[in-house]
Amino acid sequence: MKLIVPATALALAMLTVATARANDVKPAIVFDLGGKFDKSFNEGVADGADRFTKETGIKYVDFVATNDTQFEQAHRRFAERGRDPIIGVGFAQADAVAKVAKDFPNTRFTLIDGIANLPNVQSVLFKEQEGSFLVGIAAAMASKSGKVGFVGGMDIPLIRRFACGYEQGVKWTKPEIEIIQNMTGTTPTAWNDPARAAELAKGQFERGVDVIYAAAGASGLGVYQAAVDNKKLAIGVDSNQNYLHPGTMLTSMVKHVDVAAYNSFMAAKNGTWKPGIAVLGLKEGGVDWALDKYNQSLITPEMKAKIEGAKADIIAGKIKVVDYMANNTCKF
Amino acid sequence: MQDAYLIVLLTLSATIRVSTPLILCAMAGLFSERSGIVDVGLEGKMLGAAFGAAAVSAVTHSAVIALAAGILVAIMLALIHGFASITQHGNQVVSGVAINILTSGLTIVLGIAWFHQGGETPPLPQEGRFMPIALPGAARIAHVPVLGPIYAHLIGGHNIIVYVALAAVPLTHWIVSATRFGLRLRAAGENPQAVDTAGISVAWLRYRAVMLCGALTGIAGAYLSIAQNAGFTRDMSAGQGFIALAALIFGKWRAWPALGACLLFGFLDAVAIRLQGIDIPGIGEIPVQFIQALPYALTVILLAGFIGKAVAPRASGIPYRKE
Numbered sequence: 000m001k002l003i004v005p006a007t008a009l010a011l012a013m014l015t016v017a018t019a020r021a022n023d024v025k026p027a028i029v030f031d032l033g034g035k036f037d038k039s040f041n042e043g044v045a046d047g048a049d050r051f052t053k054e055t056g057i058k059y060v061d062f063v064a065t066n067d068t069q070f071e072q073a074h075r076r077f078a079e080r081g082r083d084p085i086i087g088v089g090f091a092q093a094d095a096v097a098k099v100a101k102d103f104p105n106t107r108f109t110l111i112d113g114i115a116n117l118p119n120v121q122s123v124l125f126k127e128q129e130g131s132f133l134v135g136i137a138a139a140m141a142s143k144s145g146k147v148g149f150v151g152g153m154d155i156p157l158i159r160r161f162a163c164g165y166e167q168g169v170k171w172t173k174p175e176i177e178i179i180q181n182m183t184g185t186t187p188t189a190w191n192d193p194a195r196a197a198e199l200a201k202g203q204f205e206r207g208v209d210v211i212y213a214a215a216g217a218s219g220l221g222v223y224q225a226a227v228d229n230k231k232l233a234i235g236v237d238s239n240q241n242y243l244h245p246g247t248m249l250t251s252m253v254k255h256v257d258v259a260a261y262n263s264f265m266a267a268k269n270g271t272w273k274p275g276i277a278v279l280g281l282k283e284g285g286v287d288w289a290l291d292k293y294n295q296s297l298i299t300p301e302m303k304a305k306i307e308g309a310k311a312d313i314i315a316g317k318i319k320v321v322d323y324m325a326n327n328t329c330k331f
Numbered sequence: 000m001q002d003a004y005l006i007v008l009l010t011l012s013a014t015i016r017v018s019t020p021l022i023l024c025a026m027a028g029l030f031s032e033r034s035g036i037v038d039v040g041l042e043g044k045m046l047g048a049a050f051g052a053a054a055v056s057a058v059t060h061s062a063v064i065a066l067a068a069g070i071l072v073a074i075m076l077a078l079i080h081g082f083a084s085i086t087q088h089g090n091q092v093v094s095g096v097a098i099n100i101l102t103s104g105l106t107i108v109l110g111i112a113w114f115h116q117g118g119e120t121p122p123l124p125q126e127g128r129f130m131p132i133a134l135p136g137a138a139r140i141a142h143v144p145v146l147g148p149i150y151a152h153l154i155g156g157h158n159i160i161v162y163v164a165l166a167a168v169p170l171t172h173w174i175v176s177a178t179r180f181g182l183r184l185r186a187a188g189e190n191p192q193a194v195d196t197a198g199i200s201v202a203w204l205r206y207r208a209v210m211l212c213g214a215l216t217g218i219a220g221a222y223l224s225i226a227q228n229a230g231f232t233r234d235m236s237a238g239q240g241f242i243a244l245a246a247l248i249f250g251k252w253r254a255w256p257a258l259g260a261c262l263l264f265g266f267l268d269a270v271a272i273r274l275q276g277i278d279i280p281g282i283g284e285i286p287v288q289f290i291q292a293l294p295y296a297l298t299v300i301l302l303a304g305f306i307g308k309a310v311a312p313r314a315s316g317i318p319y320r321k322e
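If you read the protein sequences in the order shown, they are chains A and B. Position 139, counted from 1, in the first sequence is what numbering that gives the first Met the number 0 calls 138; the numbers after and before it change by one each time, with no gaps. Position 287, counted from 1, in the second sequence is what numbering that gives the first Met the number 0 calls 286; the numbers after and before it change by one each time, with no gaps.
Note that these hints are calculated values from the structure, not bench results. Some hints here could point you the wrong way.
Just a few of them, taken from the derived set where beta-carbon distance is under 8 Å, the chain B residues facing chain A [claimed, not checked]:
{"hint": "1", "residue": "Leu11"}
{"hint": "2", "residue": "Ala112"}
{"hint": "3", "residue": "Gln116"}
{"hint": "4", "residue": "Gln192"}
{"hint": "5", "residue": "Thr196"}
{"hint": "6", "residue": "Gln227"}
{"hint": "7", "residue": "Asn228"}
{"hint": "8", "residue": "Lys251"}
{"hint": "9", "residue": "Ile272"}
{"hint": "10", "residue": "Arg273"}
{"hint": "11", "residue": "Gln275"}
{"hint": "12", "residue": "Gly283"}
{"hint": "13", "residue": "Val287"}
{"hint": "14", "residue": "Gln291"}
Predicted, not measured: the structure shown is a model, and the values here were computed from it. Virtual Cβ for every residue (Gly too), placed ideally from N, Cα, C.
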C-alpha cells in the first residue's frame with residue numbers, strides 16, 4: 000500500500016504532463032541582460048509574448064538574466080520543467096541554446112539575433128542595416144549642425160551593423176555630414192548603463208551633434224533623457240520608442256522582435272512551428288521606421304517622402320545596403 | 000583654437016559632474032573612518048539612497064522631498080552599520096559588505112513590488128529632479144573671450160548638488176581640523192581610551208560620525224538618481240562607492256587630497272568618454288578597450304609609484320569596549 004500510493008501519484012503526474020503537452024504549449028522566455036523592461040529590445044519580445052497571452056489565454060514564464068553565466072542554467076531549468084517552446088533573447092545566448100537544445104531534442108527553441116544550427120532550433124535574424132539606413136536619412140535631414148551621432152551598447156559586430164547602416168543612410172542623403180560614433184562599453188553591462196550612455200551623449204552634443212541614434216538597449220534611455228535635457232533630437236531602437244519623450248524623439252528603428260516572439264508561440268500552438276534560419280529585412284516587414292502621433296510634428300513631408308522612397312528602393316533592390324557583418328568592415 | 004579651448008572647458012565641466020558623487024562619498028567616508036569606523040558600505044548606502052530618492056520623486060514629483068528621503072534612507076542604513084559595529088562590537092567590514100548586498104537586492108525587490116518595471120522606477124519628470132542652473136548673466140557674457148565660456152560652462156551650468164559637494168570639502172576640512180567636535184572625532188579614531196578617560200562618550204561620537212556619513216552618502220545617492228539621471232536603474236551606483244573609498248585612501252584620510260583624488264578619477268573618466276572614436280594625429284583611432292582600461296591602469300600606476308604610504312587612523316576597524 001505504501002508503495003502504491005506514490006506510484007499512482009507519479010503515474011498521474013506523468014499523465015497530466017503528457018496531456019498538457021498534447022493540448023497546450025507551455026512557453027518560456029529567457030531575457031537578456033538589458034532586462035525585460037528596457038523599453039527596447041527585450042521589452043519588444045515581451046510585448047509580442049503578452050499579445051499571445053492575451054489572444055490565447057496561455058501564460059508564459061520568463062527569467063531575466065543578471066549575468067551571462069545564467070543563460071544556460073535558465074534554458075536547462077525551463078527545458079527540464081517541460082517548457083516548450085523556449086525563446087532565447089539576444090546573440091549572447093546562442094551558445095547556451097545550442098548546448099541545451101542538444102540535450103533536449105524534443106524541446107523547441109527560438110533564438111533571436113543568434114544562430115544555432117540544430118533541428119529543434121529556430122534562429123531569427125534581422126537586417127538591422129536596412130532599418131538603420133532609413134533612420135539615417137531622417138537624422139541627416141533633421142540635423143541643422145551637419146553633425147549626427149551614434150551611441151551603441153556593447154561593442155560587437157551586431158551593433159556595428161546598426162552603426163554602418165545608419166552611416167550609409169546619412170551619407171546617402173547628405174555626403175558632407177560628419178558622424179560621431181561611441182560605444183557604451185565592451186561587456187554585457189553596457190546594455191544597462193544609462194548613466195554612461197548619457198555622458199557619451201552629452202559629449203557628442205558638446206561637439207556639435209544635434210541628432211543621436213542609440214542602439215544600446217536600456218542604456219539608450221540615458222541618451223534619450225540627455226536629448227531632452229539638452230533640447231536635441233534622439234532616435235529610438237528595436238521597439239517604437241517615440242512615446243518616451245514626444246518632441247525630442249525624432250523616430251525609432253523598429254525591429255519586430257515582438258512579431259518573432261508572437262509567431263514562435265503561435266506556430267507552436269497551431270503545430271506549424273518550423274526550425275531553421277529566418278532573416279527578416281524591410282521586405283519581410285522585419286524592420287521599419289516609426290511614424291506616429293508622437294513624432295509627426297518632427298517629420299516633415301519631404302523627410303517622409305525621401306524615407307518612403309528609399310524604403311521602396313531597398314525592397315526593390317535599387318539601393319544596396321552593405322551589411323557590416325558580411326566581412327566586418329563598413330565600406331560602401 | 001577657440002574650439003579646442005571649448006573642448007577642454009567642457010571636459011573639465013564633465014569632470015566635475017562625474018566627480019560629484021565620489022566627492023560626497025569620500026567626505027562621508029572621511030567622517031566615519033576618522034572616528035574609527037571602517038566603512039566599506041558607502042556603495043550600498045548610496046544605492047539605497049538613490050532608490051529612495053527616485054521612488055519618492057516618482058510619487059511626489061518633488062525634488063526636495065526626494066532628496067530628504069534619500070538622506071533618510073542612507074542615515075537609516077548608516078545607523079544599522081553603527082548599531083552592528085559600535086553597540087554590538089561587530090566586525091565593521093562584514094557589516095559594511097552586508098549593507099552593500101542588502102541594498103543591491105532590496106532595491107530591486109521593492110522596485111518590482113512598487114513600480115512593476117523590473118526594479119526600475121518610471122522616468123522622472125523635470126520638476127522631480129535637480130536641473131542645471133544657468134548663472135545670472137551667463138548668456139550675456141558668453142561672448143566675452145576666455146572668461147565667458149568659463150563662467151557659463153565651468154562655474155555655472157551645474158545642478159545644486161554639485162555645488163553642495165564642492166562646499167562639503169572645505170566644510171569637512173574645517174569641522175575635522177578646527178572644531179572641538181572634529182578634534183574629539185579624530186581622537187576617537189586614534190586613541191579612544193584617551194577620549195573615554197576625558198569623560199567623553201566614544202560611542203556617541205562615533206554614532207554622530209556615521210550619521211554624518213549617512214547624510215552625505217544620501218546626497219550622493221540622490222544625485223545619481225534625480226540629478227545626473229532621471230530614475231533608478233539596477234545597481235546604478237556601479238562601484239563608485241568603492242572608487243570613493245580608494246580616493247579617500249589616496250588622500251590619506253584628509254579632505255583636500257581626497258578631493259584631488261576624486262577629481263583625478265572623474266577627469267580620467269571624462270577624458271575616456273571624449274577620446275572614444277576620435278582620430279589622434281599620428282596614432283589613429285584608439286580602440287575602445289584601451290580607453291576604458293586607462294583609468295584603471297593609471298590607478299595602479301599611481302598607487303604603486305606616487306602615493307607613498309597611506310596610514311589609516313590607528314583605532315579604525317577596532318570596536319571600542321569600555322574597560
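Report the numbers of all earlier hints that the structure fails to satisfy, in ascending order.
Result: hints 1, 2, 4, 5, 8 and 12 break, sorted rising.
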